[in-house]
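The whole structure should be built from the sequences, with the hints applied where relevant.
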Amino acid sequence: MTMNTQKRKKRLNMKDKYKHMTRLGWDTTYQDMDDVFPKDKFEGIVIHDWEGWEDPFRMTMDSYWKYQGEKDKKLYAIIDAFAQNNGQKNITDARYVSALKLFLTGVSPLEYQAHRGFADIARNFRGDGPRVACQMQAIDELRHVQTQVHTLSHYNKYFNGFSEFAHWHDRVWYLSVPKSFFDDARTAGPFEFMIAIGFSFEYVLTNLLFVPFMSGAAFNGDMATVTFGFSAQSDEARHMTLGLQAIKFLLEQDPANVPIVQGWIDKWTWRGYKVLGLVSMMMDYMLPESPQSWKEAWELYFEENTIALFKDLERYGITVPDCAATVSAEKDHLSHQIWMTFYTHAAAAPFHTWLPDEKKMDWLSEKYPDTFDKYYRPVYEHWGKLEKEGKRYYSEMLPQLCQTCQIPMLYTEVEAGKPTQIAHRQTKFNSERFHFCSDHCKDIFENEPEKYVQSWLPVHQIFQGNCGGSTLPEVLKWYKVEFGQDNLDYVGSPDQKMWKEWKGEE
Amino acid sequence: MAIITVGEYPLNMMDSVDKFHGNQLVYVGWDNHRLINSAMTFPLPPEMPFGALVSEVMPSCYKDHPDFEKVNFEDGSVLWSLNGESFTPDFSKSLIENGVDHKSLIRFDTPNLKGLNGVGM
Amino acid sequence: MSKVFLALQAIEESRAIIEAIIKDNPDVEVENQTAMTKVSAEGKLVINAPTVSDLIGREWDPQELQLVLITLAGNVDEDYDHFTIYWDN
Amino acid sequence: MSLEIKSVEIKPKRETFGHVARRIGEGKLASRYEEATYDLQPTANFHYKPLANPEFELYDVKKTGVVMEDWYKFMDPRQYHYASYVTARAKQQEVAEQNFVFVEKRNMLDFMPEEIKDEILEYVLPLRHYEWGANMNNLQLVSEGYGAALCNAFMFHAEDRLGNAQYITRIGLLLSENEAHVLDTGKDKWLNDSSWQGLRKAMEDTFVLKDWFELHIAQNIVFDAFIHPLYFNLYEQELNKRGGSSQSMMTEFITVWNEECGRWLDMTVKVAIDESDENKELITKWCEKYIDIAYDAVLPLAQKILSNPVECVDEVKGQLIARLNKSGLSL
Chain B
1 MTMNTQKRKK
11 RLNMKDKYKH
21 MTRLGWDTTY
31 QDMDDVFPKD
41 KFEGIVIHDW
51 EGWEDPFRMT
61 MDSYWKYQGE
71 KDKKLYAIID
81 AFAQNNGQKN
91 ITDARYVSAL
101 KLFLTGVSPL
111 EYQAHRGFAD
121 IARNFRGDGP
131 RVACQMQAID
141 ELRHVQTQVH
151 TLSHYNKYFN
161 GFSEFAHWHD
171 RVWYLSVPKS
181 FFDDARTAGP
191 FEFMIAIGFS
201 FEYVLTNLLF
211 VPFMSGAAFN
221 GDMATVTFGF
231 SAQSDEARHM
241 TLGLQAIKFL
251 LEQDPANVPI
261 VQGWIDKWTW
271 RGYKVLGLVS
281 MMMDYMLPES
291 PQSWKEAWEL
301 YFEENTIALF
311 KDLERYGITV
321 PDCAATVSAE
331 KDHLSHQIWM
341 TFYTHAAAAP
351 FHTWLPDEKK
361 MDWLSEKYPD
371 TFDKYYRPVY
381 EHWGKLEKEG
391 KRYYSEMLPQ
401 LCQTCQIPML
411 YTEVEAGKPT
421 QIAHRQTKFN
431 SERFHFCSDH
441 CKDIFENEPE
451 KYVQSWLPVH
461 QIFQGNCGGS
471 TLPEVLKWYK
481 VEFGQDNLDY
491 VGSPDQKMWK
501 EWKGEE
Chain U
1 MAIITVGEYP
11 LNMMDSVDKF
21 HGNQLVYVGW
31 DNHRLINSAM
41 TFPLPPEMPF
51 GALVSEVMPS
61 CYKDHPDFEK
71 VNFEDGSVLW
81 SLNGESFTPD
91 FSKSLIENGV
101 DHKSLIRFDT
111 PNLKGLNGVG
121 M
Chain E
1 MSKVFLALQA
11 IEESRAIIEA
21 IIKDNPDVEV
31 ENQTAMTKVS
41 AEGKLVINAP
51 TVSDLIGREW
61 DPQELQLVLI
71 TLAGNVDEDY
81 DHFTIYWDN
Chain H
1 MSLEIKSVEI
11 KPKRETFGHV
21 ARRIGEGKLA
31 SRYEEATYDL
41 QPTANFHYKP
51 LANPEFELYD
61 VKKTGVVMED
71 WYKFMDPRQY
81 HYASYVTARA
91 KQQEVAEQNF
101 VFVEKRNMLD
111 FMPEEIKDEI
121 LEYVLPLRHY
131 EWGANMNNLQ
141 LVSEGYGAAL
151 CNAFMFHAED
161 RLGNAQYITR
171 IGLLLSENEA
181 HVLDTGKDKW
191 LNDSSWQGLR
201 KAMEDTFVLK
211 DWFELHIAQN
221 IVFDAFIHPL
231 YFNLYEQELN
241 KRGGSSQSMM
251 TEFITVWNEE
261 CGRWLDMTVK
271 VAIDESDENK
281 ELITKWCEKY
291 IDIAYDAVLP
301 LAQKILSNPV
311 ECVDEVKGQL
321 IARLNKSGLS
331 L
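Chains B, U, E and H, in that order, are what the protein sequence lines are.
Residue 67 in our numbering is what sits at position 67 of the first sequence, and the numbering runs on without skipping anything.
Residue 107 in our numbering is what sits at position 107 of the second sequence, and the numbering runs on without skipping anything.
Residue 84 in our numbering is what sits at position 84 of the third sequence, and the numbering runs on without skipping anything.
Residue 257 in our numbering is what sits at position 257 of the fourth sequence, and the numbering runs on without skipping anything.
Please note: incorrect hints may appear among the correct ones.
Claimed, not checked - Computed Cβ-Cβ distance ranges for the label pairs, DEER-style:
no.	chain 1	residue 1	chain 2	residue 2	range
1	H	V67	U	F73	55 to 63 Å
2	U	F73	H	I10	52 to 60 Å
3	U	G99	B	E474	31 to 39 Å
4	E	R58	B	K41	43 to 51 Å
5	U	F87	B	G384	33 to 41 Å
6	B	K385	U	F87	56 to 64 Å
7	U	F87	B	E474	31 to 39 Å
8	H	E259	B	T319	50 to 58 Å
9	H	P77	B	T319	52 to 60 Å
10	U	F73	B	G44	50 to 58 Å
11	B	W478	H	P77	30 to 38 Å
Quick caveat, the hints were computed from the structure, so don't treat them as lab data.
Where is the CB? At the ideal position from N, CA and C, for every residue including glycine.
Structure, rendered in structure tokens:
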């Protein structure tokens, strides 16, 4: 028998073959379809033909296992090598590690929520195409949280501020911002979750979260984080195409969907931007060597790329979210205002903050010519004087929080030309007062007040006595934050002391 | 637009005044003095005289701004607002008698004091 | 026209892919950043599997792109012999 | 190059995360599986009630009658976290791929009698819909279950079922030389052929179950313990004697997978019933209910493909009961 006795068989193209491999469902007859799928109609989204779905990627499970297996082999080889040769010694400066603490406590838990959320909608959409795409994203997200835990586990052995990340995410005040963001998406209906996370977070904002973190890691000698970031981000590319396909699918199905989807885009681009405030602070202040400023990243990844995207969506009647103007106006102030808050409240947070040194301040002046020297350098110089007098300033106050995004009311009326006046918005619901940092957060509340009155606001919960007591030491004990170890300034911290020993300084 | 849900959605007011052990929440913010990051939250007895808020509570928060010692609360230079409406507090009367109820926002402005670098920080 | 872009890890496996992109997409821009190479073009960018296969001396499956890809911007169209990103506005 | 550090010894401050150390003991080295599993799911201070299911919190132990003091007792004996899971499946899919290439390149199917091909297309191919239903149910378990120990494993199990469905589809396309209409015929069997209706109804009834642990018992513990041994062991033994041995080459992935999951599945029953008599009572009731349903659903199918259907179904039922009793039940 000769080697190639291959008979010419009919060959299926990839698109058709993938359809046969994924269109496996059926209309139930022994149980009503609306009982089997109880969640995919109540939001008002109309789907006439689930087969209008264009598969965003065509990877059957066998090739998924094959390529993802290869990716993880490479990733874990590098994580092991990083650990074996004490790679944590070769980063530029231990201050950088606080950015990783923020990532593990604030971002990794969101990956876990995305895993559960995409499994939920993979079960609750009636259409086979979206269900396969969503479940593959569900398992990808589990990969991300687990690889992040494994990568940062090495840092946890040497640095403080990682050890109780799961406990902190459910309790510590500023972590209610990312937690409530994802709880909001997870408790919404399946279509809103898809637009909130699949489109707004995964497509519009993912490059703003991941690429700055990864290039920040690369710039600061952290090869382990670079590797997991780039490796995870290649999964994100699939998720971005899923998010884009999902929104087009909804918009093509029925004109009635357009205003609903537009409302979700507006809400979730704003809510996502609010969470990304943490990233702006990380990029501008927490990286000893900064590849890019927040403003530059925003201009590149939002203004340039996302505008191209919204041009693509114009024909469906979708417009750029109205909050984009606010975000653009705030890009010269955002990171500074947030860093000021974390600098002053560092006693209550399990990561370190510090005053920017001359080199960093000069970089900030160059990147923010109109605002840094006028508004923020004077603040750091004022606090610098206090530090020299041995009176490093910590605020003992508990801030007012925005009812929707739960961020302290630190945002100012930049769009109205008053960048030092804190923005206050207010409303009443069920004869109780509620406060907001912006018109956008107020609108989100007023659309669904019954939802947002349930917010577990950390400051109010402390005053209600639900967080271990009313004094800072009692609350920190309830938080499992070690005073003098996890919190306070970087200068004088155990992290710094260890770092100096490693570097043979002093 | 009411909330869209599957079935009846519970109404759960997480911060009603009864949950604060006899106190009410009051937020206080100093306009155009951004060195103090945000309005701050204070659990206070409703019967507390407004004057005590100014003399005992506010200093613990605003002493951290160099302008605070220059503020004169008696000579009318301070402009007050309550829940977005300008108002003139009666220091001798209680918070509640001044209309400061649960989760009220008090803002005070000191136009003559310009903050750090004279730009409102 | 809007710009599409691909960000690839700056590692050995990406070298041939980038070369193939340059060969099959005349107006492509290549930017070498830290640990990452960004490849962008106006409106459309195609990676042809045969071109890559010739450069590496074996059959190249477009799905192998997953091993070196970091992120991208654009709609994706993929088949046995090509991986294309495009904007249709 | 970094400064040459004199004799500074780099000693770690701690071995692992606080929540992991509290479970495995302070100072102990944690495995990657432990760090990737313990306490990954949030447990407190959820901000909003779900709009589509406001009766429960986002993650709520009250979604099942099974009560556990610690949901992290359900640790997977295979120790699967994403990396170890995809590494294992990558190896298994490589073997499966070689089998398919061997069958195709060597034109093995030319030696398979036509009536066996028709029998497979009519009575095995429709199982791709059964596997899709199992995929749906395991996604429901990921969504509604409690604790990352169980839900991570449900996630891998769900993707395994999609893999199974795709391998069965691939067999159908190979037998029919890519004549895709055989898939529609198979679906028509699933929807309308009387011998399939018992199983389809049994599956559809699980799609509306409220208690997720009951769903796990029905789908993963009972139904699969009937379907997979019958189709991918007993039936294939007969096929081998009738010239259909290529089938067992093409289904090797499913057979190996099924054996490998046994350890995990038996653990979930054992841990739940060891916890309390109430759990044991509840799970006994569920097992009895679904063993009867499965028996009646599978017998008509066995009659189509096996020479001694009743003995085979009894044998499979006996094996399941033995396994469950070994885990601590007394059926």
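Results for each hint:
1. V67(H) x F73(U): 55 to 63 Å: holds (59 Å)
2. F73(U) x I10(H): 52 to 60 Å: Since the Cβ atoms of F73(U) and I10(H) sit about 57 Å apart, the hinted range of 52 to 60 Å holds.
3. G99(U) x E474(B): 31 to 39 Å: Given range 31 to 39 Å: holds, Cβ gap about 33 Å.
4. R58(E) x K41(B): 43 to 51 Å: This hint holds: roughly 50 Å between Cβ atoms.
5. F87(U) x G384(B): 33 to 41 Å: The hinted range 33 to 41 Å holds for F87(U) and G384(B), with Cβ atoms some 38 Å apart.
6. K385(B) x F87(U): 56 to 64 Å: violated (36 Å)
7. F87(U) x E474(B): 31 to 39 Å: The hint (31 to 39 Å, Cβ to Cβ) holds, given that F87(U) and E474(B) are roughly 36 Å apart.
8. E259(H) x T319(B): 50 to 58 Å: holds (56 Å)
9. P77(H) x T319(B): 52 to 60 Å: holds (54 Å)
10. F73(U) x G44(B): 50 to 58 Å: holds (53 Å)
11. W478(B) x P77(H): 30 to 38 Å: Between W478(B) and P77(H), where Cβ atoms are some 36 Å apart, the hint holds.
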